[in-house]
Amino acid sequence: MSRPYIPKVVTANALLEGDVVYLTPDDRWTRHHHEAELIEDEAHAQLRLLHAAARKAEVVGPYLADAKAGPDGPEPVHFREVFRTRGPSNYRHGKQEAAAH
Amino acid sequence: MYSYTDFDEAFVRTRVAQFSEQVRRRIDGSLTEDEFKPLRLMNGLYLQLHAYMLRVAIPYGTLDSRKMRQLAMIAERWDKGYGHFTTRQNIQFNWPKLGDVPEILSALADVGMHAIQTSGNCVRNVTADHFAGAAADEIEDPRPVAELLRQWSTDHPEFQFLPRKFKIAITGSPNDRAVTKSHDIGLRMVRDADGEPGFEVIVGGGLGRTPMIGRVVRDFLPKADLLPYVEAILGVYNELGRRDNKYKARVKILVHETGLEPLREIIEERFIETRAEFGGQDMALLAEIERAFAPPAFRQAPTVAYDDFYREDPVFRAWADTNLARHRNADYAIVTISLKAHGATPGDATAEQMRVMADLAERYGHDELRISHEQNVILPHVHKADLPAIHAALAQAGLATANVGLISDIIACPGMDYCALATARSIPVAQEIATRFDALDLEHEVGPLKIKISGCINACGHHHVGHIGILGLDRAGVENYQITLGGDGTETAAIGEKTGPGFAYDEIVPAVERIVRAYLEIRSEPSETFLDTLRRVGHAPFKAALYEAEGKQDAA
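Chain order of the listed sequences is A and B. Numbering that gives the first Met the number 0 puts the first sequence at residues 0 to 100. Numbering that gives the first Met the number 0 puts the second sequence at residues 0 to 555.
Read the hints as simulated data drawn from the structure, not as lab findings. There could be a bad hint or two in this list.
What the hints assert, rightly or not - Simulated crosslink set (BS3-like; lysine-lysine; CA at most 25 Å straight-line):
id, chain 1, residue 1, chain 2, residue 2
1, B, LYS164, B, LYS36
2, B, LYS36, B, LYS247
3, A, LYS55, A, LYS94
4, B, LYS79, B, LYS164
5, B, LYS245, B, LYS36
6, A, LYS55, B, LYS36
7, A, LYS94, B, LYS79
8, A, LYS94, B, LYS96
9, B, LYS245, B, LYS164
10, A, LYS94, A, LYS67
11, A, LYS55, B, LYS96
12, B, LYS542, B, LYS497
To be verified - Going by beta-carbon spacing under 7 Å, a handful of chain B positions derived as facing chain A:
id, residue
13, THR31
14, HIS49
15, ALA50
16, LYS96
17, THR344
18, TYR417
19, ILE426
20, PRO427
The structure presented is a predicted model; accordingly, all values stated were derived computationally and were not measured. Using N, Cα and C, we set each Cβ at its ideal position, and we do this for glycine too.
With these hints in hand, go ahead and build the complete structure from the sequences.
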């Protein structure tokens, strides 16, 4: 029996600001992980990644990151992805700064 | 200090114009990221975890007040009000926007600075002893040679696509403060039998996933032969260095796989050709550069104010004991400004702090500043009578921490708080170690101890040469920290040895504390340093202290 597929989100950095962004089900780039499309099928994930890669004037370096379903939408699994949702730990810069305003 | 010639100025301006156009074409979609990436890296622009990062070169770590103020301006105008000084004497801005980078580069060019060759497989910023031109133990100021190397390596057509990046460090002193043995080429000034200064040439040092101590390829190289000899090494490396595997592409692997003796023969053979080609122009240029590095006119004045403060003020005394180094002029001192306030990010300075340091350099320090590879800032030439005023001004700016060379004077790479390559965080580990030992009020009792932390195997935080090295890894999706002991980045260079299994994020600070407490127990007397004790007793007692608690837990 094959192992169950770990759900994914498509993530990248915005071309102009470098901000971490996620691909939504309606093809927008969002700054919020919980708004991302949670992809539970491997073939669909590859298609969504191809779609993201084609939007080269908007984002840089799209890839698939492991995620899981949460009460408010997709949540990151790996600590690296958790850091990417908020910013560095030594200053309240990045997304956590924007969230505070 | 060296000032740009018309040629330098035109070169840098042309590059800014060229890159501005490339950025424009990337933004309007005419360049893909695959096309743009090598171009932006050639200009020091990385894309990291949360944002772009611009790495600006500070050649051989030397700045004046004008340059430092411009860095402050850039930090405030286009970044988040601070900059991060690195182990390669550069400064990194962590939050520039792509569209602003051309303007930033233009502002840098206004003060004779740039971000060229701070990335890519080329000769990177040449680093030097941060006490160069000031140290009491120095044979000669190595910076003219460093500047010669900078000019020669900048846009050198033969060396823009080396197998891998190439780092050169240089020192003019027998006490190696430039970690020369961990560089692709290390140049250590020595004298020959007649007392003439020249260089011991070390090749193939490096940290990263395959740490190696450099090997001496030439015991004595006359200064006049320096450039042709370095060019011979680069030429041989360019031709024979491996390009099939990124991880085996550094010159250290070439030295290791070819063997020192055969490689030396190949280099010497090439050197015969390069020396004939140079024809002495390089020496004429060096003579010109040397004039720009003439020592400042040292002030003659009594030092009694310093002596009085030293006697009367314990805070000043503690700072003077740790943060001052011997200057070649007995009335002067070298001031190391610690960018390691307890709990702060190692190597970070706010725009306001940069301005304070610039003002102090201008007013009291012959307008010179240096960045050390240990991520501190140096005022290399300060008359002792001015030290109390400097200390007071630094204290007001949060820059008077008396901890240089102590346990909280930690090198830490940006780690996973910024870096896309990192496997774990390093900054918070450094912050917590510093805070912990400050709370224990132990660091002055512990004495000289260098902790160096890297957030991945690439070892930007020099953990291999830390007396205590910490390497952050990702172990099955959890941050895990490996400890090495006994590393040394000086003239007695050594690679630290791994102690055993790593520690979780919340276990690493207590683990370091156990090592330090073991040292305090074992040392023969307070003057026996951590490294001396380790060398005397070996690693066993430290490992026992480190893993003892775990053993107890397992048994429970």
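Against the structure, the hints come out as follows:
1. For the hint pairing LYS164 of chain B with LYS36 of chain B, the CA-to-CA distance comes to about 16 Å; that is within 25 Å, so the pair holds.
2. Restraint check for LYS36 of chain B and LYS247 of chain B: the C-alpha separation of about 23 Å stays at or below 25 Å, so the hint holds.
3. Using a Cα cut-off of 25 Å, the hinted pair LYS55 of chain A and LYS94 of chain A holds, with the two alpha carbons roughly 22 Å apart.
4. Straight-line distance between C-alpha atoms of LYS79 of chain B and LYS164 of chain B comes to about 29 Å, which puts the hinted pair past the 25 Å bound.
5. Taking the CA atoms of LYS245 of chain B and LYS36 of chain B, the gap is about 18 Å. The hint holds against a cut of 25 Å.
6. The suggested pairing of LYS55 of chain A with LYS36 of chain B holds, with an alpha-carbon distance near 13 Å, which does not exceed 25 Å.
7. Between LYS94 of chain A and LYS79 of chain B the alpha-carbon distance is near 13 Å, which keeps this suggested pair within the 25 Å criterion.
8. Among the hinted pairs, LYS94 of chain A with LYS96 of chain B is consistent with the structure: their alpha-carbon atoms are about 15 Å apart, no more than 25 Å.
9. Proposed proximity of LYS245 of chain B and LYS164 of chain B is supported: the alpha carbons are some 10 Å apart, at most 25 Å.
10. This hinted pair checks out: LYS94 of chain A and LYS67 of chain A have alpha carbons roughly 20 Å apart, not beyond 25 Å.
11. The straight-line distance between the Cα atoms of LYS55 of chain A and LYS96 of chain B is roughly 17 Å, inside the 25 Å bound, and the hint therefore holds.
12. For the given pair, LYS542 of chain B sits about 10 Å from LYS497 of chain B by alpha-carbon distance, which is consistent with the 25 Å threshold.
13. Against a cut-off of 7 Å between C-beta atoms, the interface hint on THR31 of chain B holds, since the closest Cβ of chain A lies about 5 Å away.
14. Interface hint status for HIS49 of chain B: upheld, as the beta-carbon distance to the closest one in chain A is roughly 5 Å, under 7 Å.
15. Here the hint on ALA50 of chain B is kept, as its CB sits about 4 Å from the closest CB of chain A, short of 7 Å.
16. The interface hint given for LYS96 of chain B is met, as the beta carbon of that residue sits about 5 Å from the closest beta carbon of chain A, less than 7 Å.
17. Because the beta carbon of THR344 of chain B sits about 5 Å from the nearest beta carbon in chain A, less than 7 Å, this interface hint is met.
18. Restraint check, TYR417 of chain B versus chain A: the minimum CB separation of about 6 Å is within 7 Å; hint holds.
19. Satisfaction of the interface hint for ILE426 of chain B is found here, the shortest Cβ-Cβ separation to chain A being roughly 5 Å, below the 7 Å cut-off.
20. Given the 7 Å rule on beta carbons, the hint for PRO427 of chain B holds: about 5 Å separates it from the nearest Cβ of chain A.
Consistency note: the structure conflicts with earlier hint 4 alone.
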